[in-house]
Amino acid sequence: MPRRLELDPVTVRRARTLARRAGKPVVDLARAHTTVSVERATLRMAGLTGADHENVPWVNHLVDAVREQVGLEHGVTTPIWDALISGAAPDLLTLAQKASSGGVTFRLPEKAHRTRARRAARTAVGRGIRTIDKQRATRERLITRHGDPKQKPWIYLIVATGDIREDIPQAQEAAREGADIIAVIRSTGQSLLDFVPEGETHEGYAGTYATQENFRLMRAALDESSKELGRYIRLTNYASGLCMPEIATLAGLERLDMMLNDSMYGILFRDINPIRTFVDQRFSRQVHARAGIIINTGEDNYLTTADAVEAAHTVTVSQLLNEYFAKEAGLQDWQLGLGHAFEIDPSIPDSFRLELAHALLARQLFPEAPLKWMPPTKHMTGDVFRGHLLDGFFNLAGAMTGQGILLVGMMTEAVVTPWLSDRDLALQNVRYVLNAAGGLTEDFHPPRDGFIQTRARQVLDEAVALLDEIATGSGGADTAYPQPLLAAIADGTFGAMKRPPTKGKGLDGVARKADDYDNPAIDLLETVDPPRSAAGRRREEGATR
Amino acid sequence: MTPRTEAQEARNTTRHHIGERRIEDALPGEASLQEPSPLVRPYGDTTGDGMVQLSFTLPLPHDKRAEGAALQLASKMGMSAPLLVHAKAIGPKFTFFVVYGPVTHLVDVRAVEVAEREFDLLSSKEVNTAVKKHLRRKLVVVGACIGTDAHTVGIDAILNIKGFAGEKGLEYYRELDVHNLGAQVLVPELVNTARELKADAVLVSQVVTQRDAHIHNTTAMSAAFREAFPAGKVPLLVVGGPRFEEGSAGALGVDRIFGRGTTPGEVASYLVHALVTPPTTQRKGA
Chain A
1 MPRRLELDPV TVRRARTLAR RAGKPVVDLA RAHTTVSVER ATLRMAGLTG ADHENVPWVN
61 HLVDAVREQV GLEHGVTTPI WDALISGAAP DLLTLAQKAS SGGVTFRLPE KAHRTRARRA
121 ARTAVGRGIR TIDKQRATRE RLITRHGDPK QKPWIYLIVA TGDIREDIPQ AQEAAREGAD
181 IIAVIRSTGQ SLLDFVPEGE THEGYAGTYA TQENFRLMRA ALDESSKELG RYIRLTNYAS
241 GLCMPEIATL AGLERLDMML NDSMYGILFR DINPIRTFVD QRFSRQVHAR AGIIINTGED
301 NYLTTADAVE AAHTVTVSQL LNEYFAKEAG LQDWQLGLGH AFEIDPSIPD SFRLELAHAL
361 LARQLFPEAP LKWMPPTKHM TGDVFRGHLL DGFFNLAGAM TGQGILLVGM MTEAVVTPWL
421 SDRDLALQNV RYVLNAAGGL TEDFHPPRDG FIQTRARQVL DEAVALLDEI ATGSGGADTA
481 YPQPLLAAIA DGTFGAMKRP PTKGKGLDGV ARKADDYDNP AIDLLETVDP PRSAAGRRRE
541 EGATR
Chain B
546 MTPRTEAQEA RNTTRHHIGE RRIEDALPGE ASLQEPSPLV RPYGDTTGDG MVQLSFTLPL
606 PHDKRAEGAA LQLASKMGMS APLLVHAKAI GPKFTFFVVY GPVTHLVDVR AVEVAEREFD
666 LLSSKEVNTA VKKHLRRKLV VVGACIGTDA HTVGIDAILN IKGFAGEKGL EYYRELDVHN
726 LGAQVLVPEL VNTARELKAD AVLVSQVVTQ RDAHIHNTTA MSAAFREAFP AGKVPLLVVG
786 GPRFEEGSAG ALGVDRIFGR GTTPGEVASY LVHALVTPPT TQRKGA
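Line order of the protein sequences matches chains A and B. Here the numbering used here is used: the first residue of the first sequence is 1, the next is one more, and so on. Here the numbering used here is used: the first residue of the second sequence is 546, the next is one more, and so on.
Next comes chain A alone, as it looks inside the complex (with noise of 0.2 Å):
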């Protein structure tokens, strides 16, 4: 898409600088850190699943029993393979069972026995990681052969029925009627579970359970879809919440097209620990990487507790700092799916002009980035009819401002969980809007220094501001973390919620690395590069611009 706001570069790169500025010393954090769910991701990839018949999975008795004796310090993989090694068990799944009667000790092997260990630990992890290579070659040939939708913006939209046996005809039933991608909500409490839940799930609230094997069957069922509609349906989930890195793995594994993951929402909106959150979030974007998982950001979750005109700045720095995050974290352009939204008050004047600029000020920041659309739900009112009419203006907005993703507005947004009828409906508004308007991205112009190039410049000055105050502030210097950034955190900058970096939860399954730590996960993740089709690349750098 050509240059429509006229900004200037030099305001971008120092964006872009404020953000690496703000981003790096957590970074640094995050590196010297790990966390019970790292540890457990690295577990899964080395092929142990199942849980007990109180559904505790293996991999939480596992490192819960190899924290107990010897610490999370040095890593689990190590002391865990060292046991396998000296036979304390045939295998990892009898190990897991027997340390978690207390039947297996662990210790901290050296010399030989430690390097045995490690390159036990390697292939193993290694097994899993090719598993995810795999998955994504196979995603490449099903794309090859089904092909891409047709049109952009790309549609999204969301089943959540609790029950996967019933999500899976919803969401074949969506992709017929249009649908090109379908995310299957998690139920609310899930983000809050130190575990992943296992099997086959029938009941949630308001969402079905992320579970490897709920990834599985929907993904075999879209895939099934895939084949009929002759397009290739992509499959979201979530890896928020204290999981993270394990979700984030499942999702690699069972071929997830896209995850919803934020560097500051479970900060923010869960107030789980920030230290907790950035270790798990630097981890799963790993994995993403991997996969070639697009990732989704969660962008408008801030105007949905802020005002979406005062505080659209702080999704310009949020988007800012989710992209610096996700490219340290080995994620390409065409992976980050930044969030926005349409949340303006519909009431006050010239909103759909402001949505305009603010939609184009995304756009033209990340022009290589798929960019999610978010439809409006704060100012949904449960009058539907007014509703369909603010939808139809999300849509045109998305269509005029070339956004990437598009998540499908409901005009019973705040009444019910969505009716089949109701989806019907908003697929009948979006097509209308795409059929009668897509093209508006050639014609829509806006005029030099006219309303919505000076609100972008506007936004963008305002976020280059915060940014400054974010990098350059010294809130935390006396404390144990002086990251600027996460005495911004601290002090609300975001959401207006207040999250110091001690509070929060998870905070306890955080630990700082000993010089002897290792994660042959970490290691492969970050010095092996996956085994790429030249297709497949060239597909992916142009496929959702």
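Everything labelled a hint here was simulated from the structure, so no lab data went into it. Please read these numbers as outputs of a predicted model, since none were measured by experiment. For each residue, glycine too, the CB sits at the ideal point set by N, CA and C. Mixed in with the good hints, there may be bad ones.
Simulated pairs of lysine-lysine, BS3-like, Cα-Cα distance not exceeding 25 Å [said to hold, decoys possible]:
no. : chain 1 : residue 1 : chain 2 : residue 2
1   : B       : K683      : A       : K498
2   : A       : K498      : B       : K713
3   : A       : K503      : B       : K743
4   : A       : K227      : B       : K638
5   : A       : K24       : A       : K513
6   : B       : K743      : A       : K498
Beyond 10 Å from chain A on every Cβ pair, some chain B residues (computed) [said to hold, decoys possible]:
no. : residue
7   : R682
8   : D722
9   : E791
10  : G792
Using the hints, position chain B against chain A.
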């Protein structure tokens, strides 16, 4: 007095009920539109026409039979001679319908029960004055979304300075000490925080709910408070959300329920009503 047309006369004599016979240009002694009747019908474009619109989906493929079924449903719902204005297949197994038509039902507004507000609406200044004068310390409010609900819109609308419907939230009130714990707060955590902060009132929001989660969460919450605090020392428990039934406060073990559209001013006024005045019925020793 303008004489009426034949059509007007005919209309007035063919209808059977007082709810329909009320007319714009009533002669003395006739039922007039100016004095609202206690008996009403829906209004399309003519008094007493009873017109409603209805949309629904039937699990049937779209054909003549499905359309007949839709009309049958409309009749059973009380529409006489319903008009099927739109029918569209949603996939091979479902059909969506829009039906217009007159309902035969009358509603008697005298039989409608409304929970009247039991307290006076106060301005933020009056709230502050009342707290300062009678409580002589800040009134402590703890708010949270509990259980699986991650939607803080409700509690934020009431508590955040930003507020709702043009009214500033409780954080804006000088004499209220507000602690918003945010989303997915565990009940024990809420109880502990309420105790630590010596909360006068606990506000809990439940927006998104499925399978009556809002009811289970609320009863679990009120039970936990009753268990953790000696009788008479339990903070004032207030829940809010669009799905609560008015009048079910007792059954849920809470002091007050607020529904959709509640503004911060109403909540603040209620807190003053329940906790500050009159001093003799104060719930806490203060």
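Structure-based check of each hint:
At roughly 22 Å between alpha-carbon atoms, B:K683 and A:K498 fall within 25 Å of each other, so this suggested pair holds. For the given pair, A:K498 sits about 20 Å from B:K713 by alpha-carbon distance, which is consistent with the 25 Å threshold. Between A:K503 and B:K743, the direct Cα distance comes to roughly 21 Å. Compliance with the 25 Å bound is thereby established for this hinted pair. With a C-alpha separation of about 21 Å, the suggested pair A:K227 and B:K638 falls inside the 25 Å cut-off, and the hint holds.
Distance check on the hinted pair: A:K24 and A:K513 sit about 18 Å apart at the alpha-carbon level, within 25 Å; holds. Between the alpha carbons of B:K743 and A:K498 the distance comes to roughly 21 Å, so the proposed pair stays at or under 25 Å and holds. The Cβ of B:R682 lies farther than 10 Å from every Cβ of chain A, with a closest approach of about 24 Å, so its non-interface assignment holds. For B:D722, the requirement that its beta carbon stay farther than 10 Å from each beta carbon of chain A is met, with the minimum near 15 Å.
With a closest Cβ-Cβ approach of about 17 Å to chain A, B:E791 is found to remain outside the 10 Å limit, as its non-interface label requires. At roughly 21 Å from the closest C-beta of chain A, the C-beta of B:G792 stays outside 10 Å, upholding its exclusion from the interface.
Comparing the model with each earlier hint shows no violations; every hint is respected.
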